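Colleague: Protein chains in written order, with the numbering used here: chain A, 129 to 378; chain B, 63 to 333.
Each hint should be verified, as a subset may be incorrect.
Stated by the list, open to error - Lysine to any residue pairs mimicking SDA-like chemistry, simulated, CA-CA at most 20 Å apart: (1) B/K151 x B/K170; (2) B/K151 x B/N86; (3) B/K170 x A/P276; (4) B/K264 x B/E246; (5) B/K170 x A/E370; (6) A/K280 x A/P299; (7) B/K151 x A/Q291; (8) A/K280 x B/G79; (9) A/K280 x B/D254; (10) A/K280 x B/L295; (11) A/K233 x A/L199; (12) B/K170 x A/P223; (13) B/K264 x B/R304; (14) B/K170 x A/Q291; (15) B/K283 x B/G79; (16) B/K170 x A/Y297; (17) B/K151 x A/I292; (18) B/K264 x B/S105; (19) A/K233 x A/P223; (20) A/K130 x A/V142; (21) B/K170 x A/L199; (22) B/K170 x A/Y293; (23) B/K283 x B/P303; (24) B/K151 x B/E139; (25) B/K283 x B/N86; (26) B/K151 x A/L279; (27) B/K170 x A/I296; (28) B/K283 x B/E107; (29) B/K151 x A/G286; (30) A/K280 x B/L135.
Rather than coming from a laboratory, the hints here were simulated on the basis of the structure. All values reported here derive from a predicted model rather than from experimental measurement.
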Amino acid sequence: MKNAGRLLAQLAIVAAMFLFWEMAVRTGLANARIVPPPSEVLPRAITMLGDPVVLHNLWITSAQVMLAFVLVAPIGVAIGLLLGESDYFGRAFKPFFFFVASVPKSVFLPVFILAFGIGFTQKVAFGMFQAIFVLVISAIAAAESVSPDYLKMARAYGASRRQIYVDIYLPAMLPVIVEGLRLGMIFNITGVLFAEMYVSRAGLGHLVSTWGMSFQMVNLFAGILLAASLSIAVNELLRWYENRVGAWRG
Amino acid sequence: MAGLSVVEAEQTAVSAGAGLRVENVTHVFETGAESLMALNGVSLEVEAETFYGIVGPSGCGKSSLLLMMAGLLQPSEGRIAIGDETVSKPLPEDIGVVFQESSLLPWKTARENVEFPLYLRGVDRRVRERAALEMLELVGLGEFANRRPHELSGGMKQRVAIARGFCQNPDILLMDEPFAALDEQTRMTLGDELLHLWDRNKKTVVFVTHSLTEAVYLCDKVAVMSARPGEILDIVDIDLPRPRTYDMMATEKFGRLRARIWELIRRTQQK
Ligand SMILES: Nc1ncnc2c1ncn2[C@@H]1O[C@H](COP(=O)(O)OP(=O)(O)O)[C@@H](O)[C@H]1O
Ligand SMILES: [Mg+2]
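From just these sequences and the hints, can you work out the full model?
Modeller: Have a look at this one:
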């Protein structure tokens, strides 16, 4: 009941935003040549979902995002757990990750173009590169969040090594790791789209960038809407899972 | 408690009603370049089914001693034994532990926390669920079996931890300041409940506390330790009759015993 009410309020806010946008264009508050009204953008976005060219590019972007995620998630989490768990590796490499994490990764894009050429591999690699730091840092936090009291208690009651991993470490870390995966996904999508907009021959980012440069404003805004919907959907899905596995955090 | 039959059958294999002996235990923590002596030549004879208190200034090595009894820390010198067997690793079937707050697993319900030791030992699920529910009933939390720790008060959480300590029915129960985080009224109530449980189901209890009243009220004997490195200053016999009642606290004898322990601690703190 409470959830239904909240959902309704959220929908109302979104509706209000579109309404404001429409009004702003109609009243001349926004320049209609630069910002087309949602009454044109929304139908265009829907027709785009039936357009084979758009669908093909959407598919390329999605495939890159998913592949990058599937590759980078286990690597990032594994590195983070290693650094969080081992004093030795932690002390040696943790500072490095924290330093580099604060550097805007976009400036490295030309390096990726030189290393991988322009295309699928380069965009996947760049998406992974964008995501890996937040994944490592959140997995470090996850490993460090496991209270030594739990371990002491479990050992006192005779837990085996395997039981300590499966019954203590895993459930204790899962919500923080899923949160990291969600943040990593946002960075990953950003990386792939950015790489496509910079130079590329395919993908949603490529389309959006082309529409923008050729002044096709309705297409541009419809494309933005699709990109936004894609990342919101992925984000909300992961957040739902995060709340489910982390309900005990209260 | 029919539900405990499997657990109990296993239990009888181990010596019934075990006591605990601490023989000349010294412990030195080596941390990098420094070494720190926490305990120095500590000997205790905890007889089977006694309620044994340990008090002493903070940092004198009480928790370290309990960890050694639990088999989680090895003494640098001396040994700890149950019967003739040296404790060199955790013996979950013989020894239960209750720590200060926070050792409940927050992702598990009260019932799942209580049955955790049985789960670790691979006890059949239906058996351990029944045993856990019975224990929760006994500590008055039957209705809260499916709540998680964040939904429980501090006192309820410690009741769950105590239920967990009793659930697998060990001979020995080690308790390290289990009520330290609770307000005075709650800790008095829990102390009484603990005595009731212990009366119905006698165990050897080693109970660390910094409350002198609690020590006198609950225990048969109280070992008083010196400031670091911890040594045994004296062992005070609490020869008050059982069952203990609140009006005993107002008696002269209670006051004398409490004053005796305080005098020992006061002197070691001035040292
Ligand atoms: N793992 C450890 N490494 C180094 N020193 C420790 C460790 N655990 C405890 N100590 C030190 O040993 C002394 C005794 O600690 P503890 O057994 O916790 O005392 P108490 O429980 O009586 O307060 C303290 O000075 C404490 O700082
Ligand atoms: Mg302590």
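Colleague: State the violated hints by number, sorted upward, taking the hints as numbered earlier in the document.
Modeller: 1, 4, 8, 9, 10, 12, 18 and 21
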